[in-house]
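Based on the hints, put chain Z in the right spot on chain A.
Chains as they are written, first to last, in the UniProt record's numbering: chain A, 1 to 348; chain Z, 1 to 553.
To be clear, the hints were calculated from the coordinates, so they are not data collected in a lab.
Quick caveat, the model's predicted, so the values are computed rather than measured.
Take these hints with a grain of salt, some might be off.
As the list claims (entries may be wrong) - Label pairs and their in silico Cβ distance ranges:
1. Thr110/Z to Leu162/A: 27 to 35 Å
2. Pro198/A to Arg191/Z: 41 to 49 Å
3. Arg125/Z to Pro198/A: 57 to 65 Å
4. Arg58/Z to Gly227/A: 40 to 48 Å
5. Leu162/A to Leu56/Z: 52 to 60 Å
Beta carbons are placed, not taken as given, at the ideal position from N, Cα and C, and that holds for glycine.
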Amino acid sequence: MIMMRPQDILLPVAAGLCCKPGGFHIDPVRPVERAVITHGHSDHARAGHGAVLATQETLDMMRLRYGENFAGSMQAINYGEEIRLGEVCVKFHPAGHVLGSAQIAVTCKDTCIVASGDYKDAPDPTCTPFELVPCDVFITEATFGLPVFRHGDASDEVKKLLASVALFPERAHLVGAYSLGKAQRVIALLRAAGYDAPIYLHGAMEKITEYYQSRGIDLGELRPVKGVKKAALAGTITLAPPSATSDLWTRRFPDPVTAFASGWMRVRARARQRGIELPLVISDHADWDGLTATIGATGAGEIWVTHGQEDALVHWCQSKGLKAQPLDLVGYGDEEESETPAIDEAEA
Amino acid sequence: MNRFAELLDRLAYEPGRNNKLRLLTGYFREVGDPDRGYALAALTGALSFKHAKPALIRDLIAARTDPVLFGLSYDYVGDLSETVALMWPKAVLAAHNNPPPPTLTEVVTTLRTLGKTELPKQLERWLDELDETGRWALLKLVTGALRIGISARLAKTAAAALGDKDPHDVELIWPGLAPPYLDLFAWLEGRAEKPVNRDPAPFRPVMLAHAIEDSDFAALDPADYIAEWKWDGIRVQAVAGRDERGHVTARLYSRTGEDITGSFPDLVPTLRLPGAIDGELLILREGRVQSFNVLQQRLNRKVVSPKLIKEFPIHLRAYDLLGDDENDLRELPFAERRERLETFIGKLSDPRIDLSPTVAFASWEALTAARADPASAGAGEDADAVEGVMLKRRDAPYLPGRPKGQWWKWKRDPHIIDAVLMYAQRGHGKRSSFYSDYTFGVWTAGEGGDELVPVGKAYFGFTDEELLQIDRFVRRNTTEKFGPVRHVVHEGDKGLVLEVAFEGLQRSPRHKSGVAMRFPRISRLRWDKPPREADRLETLERMLKAEAVEIEA
Numbered sequence: 001m002i003m004m005r006p007q008d009i010l011l012p013v014a015a016g017l018c019c020k021p022g023g024f025h026i027d028p029v030r031p032v033e034r035a036v037i038t039h040g041h042s043d044h045a046r047a048g049h050g051a052v053l054a055t056q057e058t059l060d061m062m063r064l065r066y067g068e069n070f071a072g073s074m075q076a077i078n079y080g081e082e083i084r085l086g087e088v089c090v091k092f093h094p095a096g097h098v099l100g101s102a103q104i105a106v107t108c109k110d111t112c113i114v115a116s117g118d119y120k121d122a123p124d125p126t127c128t129p130f131e132l133v134p135c136d137v138f139i140t141e142a143t144f145g146l147p148v149f150r151h152g153d154a155s156d157e158v159k160k161l162l163a164s165v166a167l168f169p170e171r172a173h174l175v176g177a178y179s180l181g182k183a184q185r186v187i188a189l190l191r192a193a194g195y196d197a198p199i200y201l202h203g204a205m206e207k208i209t210e211y212y213q214s215r216g217i218d219l220g221e222l223r224p225v226k227g228v229k230k231a232a233l234a235g236t237i238t239l240a241p242p243s244a245t246s247d248l249w250t251r252r253f254p255d256p257v258t259a260f261a262s263g264w265m266r267v268r269a270r271a272r273q274r275g276i277e278l279p280l281v282i283s284d285h286a287d288w289d290g291l292t293a294t295i296g297a298t299g300a301g302e303i304w305v306t307h308g309q310e311d312a313l314v315h316w317c318q319s320k321g322l323k324a325q326p327l328d329l330v331g332y333g334d335e336e337e338s339e340t341p342a343i344d345e346a347e348a
Numbered sequence: 001m002n003r004f005a006e007l008l009d010r011l012a013y014e015p016g017r018n019n020k021l022r023l024l025t026g027y028f029r030e031v032g033d034p035d036r037g038y039a040l041a042a043l044t045g046a047l048s049f050k051h052a053k054p055a056l057i058r059d060l061i062a063a064r065t066d067p068v069l070f071g072l073s074y075d076y077v078g079d080l081s082e083t084v085a086l087m088w089p090k091a092v093l094a095a096h097n098n099p100p101p102p103t104l105t106e107v108v109t110t111l112r113t114l115g116k117t118e119l120p121k122q123l124e125r126w127l128d129e130l131d132e133t134g135r136w137a138l139l140k141l142v143t144g145a146l147r148i149g150i151s152a153r154l155a156k157t158a159a160a161a162l163g164d165k166d167p168h169d170v171e172l173i174w175p176g177l178a179p180p181y182l183d184l185f186a187w188l189e190g191r192a193e194k195p196v197n198r199d200p201a202p203f204r205p206v207m208l209a210h211a212i213e214d215s216d217f218a219a220l221d222p223a224d225y226i227a228e229w230k231w232d233g234i235r236v237q238a239v240a241g242r243d244e245r246g247h248v249t250a251r252l253y254s255r256t257g258e259d260i261t262g263s264f265p266d267l268v269p270t271l272r273l274p275g276a277i278d279g280e281l282l283i284l285r286e287g288r289v290q291s292f293n294v295l296q297q298r299l300n301r302k303v304v305s306p307k308l309i310k311e312f313p314i315h316l317r318a319y320d321l322l323g324d325d326e327n328d329l330r331e332l333p334f335a336e337r338r339e340r341l342e343t344f345i346g347k348l349s350d351p352r353i354d355l356s357p358t359v360a361f362a363s364w365e366a367l368t369a370a371r372a373d374p375a376s377a378g379a380g381e382d383a384d385a386v387e388g389v390m391l392k393r394r395d396a397p398y399l400p401g402r403p404k405g406q407w408w409k410w411k412r413d414p415h416i417i418d419a420v421l422m423y424a425q426r427g428h429g430k431r432s433s434f435y436s437d438y439t440f441g442v443w444t445a446g447e448g449g450d451e452l453v454p455v456g457k458a459y460f461g462f463t464d465e466e467l468l469q470i471d472r473f474v475r476r477n478t479t480e481k482f483g484p485v486r487h488v489v490h491e492g493d494k495g496l497v498l499e500v501a502f503e504g505l506q507r508s509p510r511h512k513s514g515v516a517m518r519f520p521r522i523s524r525l526r527w528d529k530p531p532r533e534a535d536r537l538e539t540l541e542r543m544l545k546a547e548a549v550e551i552e553a
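One chain only, chain A, in its complex shape:
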């Protein structure tokens, strides 16, 4: 019998990660016949595929974003469920990144490859915790693949936000957060810290946040910020897509304090470039310690590193005696790039 090489099972091509023996692509960036999708962020979940296999939540989010006919056919799969596709078995495991996010384990003969999509090993009340999946080849993201990225405890960052609200009761606090996942996590963290006042939402996050609530995630009282008088926003917290926090839209707020919840806020220059006054280091991706701990714990002998700071992580793997290579996939990165732009009121 001929030994199966990992790259015979999964191979990066222009459309994304292709599984020839299974007849599908994982998170394809171009329309394909059959797509298996890790999570609902728009750089991973795109419209126009023939068939889509994903968790129910991911399918629902795609439907919210792209409409009912985002694909020819859809099939939902649960965590822990296994499906045979062509010559391979596909199994979904929680990735802990956002609601419905999954790692996809692809097994062919004796070789198991885990495509983890985006993942984090830190606690998050809005999604199922990350599950460690032992495998032969582990495909890891490297968004925060530098040892300077250590995210710390997200609840401490939320305390920072609440301390600022207490210190500046006459100002509005505007928190930039990606509308899928980050925003809901920040709200849940605020609730967990005992903040029970209404939290205001930018129009672009209303639908997805309502969806989270419909899945039984308690986010307390939420209100649309649209139509609220400027003076009434003093002392409140509003969540908005990051692009909106530096736009004309902010003029409706009284002397806003601009916060941004992101792993990038760990680095001062990044925060300053964006004109952020209150950086909150809250990330939906694993930090350096999380990435390296996970890689080690999977027991994989070979690591493929994709989207982000591949160089440093590949170097680290090699220094630990692991076979590692960067995987040249294009089209993934900051969800922010694909955020809906804020409504430009003054010009409209």
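Then chain Z, alone, in the frame of chain A:
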């Protein structure tokens, strides 16, 4: 230390003055002695210990991280202290026996006495005990690079607010205080009497003038005012006093109360009589006042060499006398203080100090003429160093701050050019949604015909309404974006012409155009003017020749 680090962290991102004050006062209220006192010292630059060299920090991190990973990280972060703070590996400490992180007091007092050879070990221990922000602040503190946009004055104002005191009162007693300022905080919190300033040569809070508007003159009577030249130098306070043993101590303060005596050792022997002079620091060569550009070359020098002193001879031109020997003159009317000043300068009889002459005038018309032509109104050959005229009420006492209706400044008309908007950048704080920082340029001959070369940047001078208009123009006419910077259309027939006012010009090898403006601001929007009719670089070069000053790199 972690709490102090948190404060620094927040201050570093906060652009608004009032909000900075709130953060500072909040810290002083929340944190006890002596930590808050050392924090105040750190913020006012009053701490003194030998700083650690960056090479030491590099050695520490090299010993515990992979060089490739450090290189990639440093490259990404771009700041040594920050990179080290972020990637410092978590210490493997015995969980039940972790020492608490050091307090600011512990850090400051230890650093004061620590020997050079003990420093690396001590730093390592602290870095192990602190969190990311704590490590960042510690490294900034020990390397002496605590640049977070806070002036000493602002920190003192925040401390004063703790006890609803006037910041001037803090300023008055400040020279007699020392870290950790227990007596100051006790007074601010109402637990003790005001500390007495035993400094023989204390700073006195400065009196400032309002800019006069045309409409103000109607209500003013020329007979109530004394006019003098406004010299284009550095406003200072020169103070001398006797200590307990009868020796005279002399100090030079900036208008914010910063002690700048060390930069002007050549002026100290001149201040041999006890008193306090309010005046202007100038460079005089062969009896002629040099331009501000020349003076600038003597400022902010780490080492004041004999050569520098010889080539840039310092001079004090006196405006006012606040103290004469033991007597505080500040309650006296200006006219009387002026007489005392004349006597005092006469007694000093030193070529390095002279009186700023008054300008005789009987009507506002006469003063307008004098301001327009200082050379023939008494300033003579020094006319180029005249920035305008000052009007002081004869009966005005010397009041700290900017009291209404007492002193007026009436500057000469600024230089004006028409320039073309080239790039725009978003502002901060309240202006963070507006493109409010503008880079503008003038025409010059390039290889492919005329092209615009940037000559300056301005971010004020316009009204709120004009800001809205420019902001809209920028958004609709962006040709490219580089991060926060927008490239705005600027061609011969497409673009926005800005009338830019500025105070002076100097040669600058750091700028592509070779010139740098002093105090540029937008004075008018010239929607009516096509960009091709904006000014040329040659116009600026002619102005430079008129100023005839070469600035070293």
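message: Run through the hints listed earlier and report the numbers of any the structure violates, in increasing order.
response: Per hint list: 3, 4, 5 violated.
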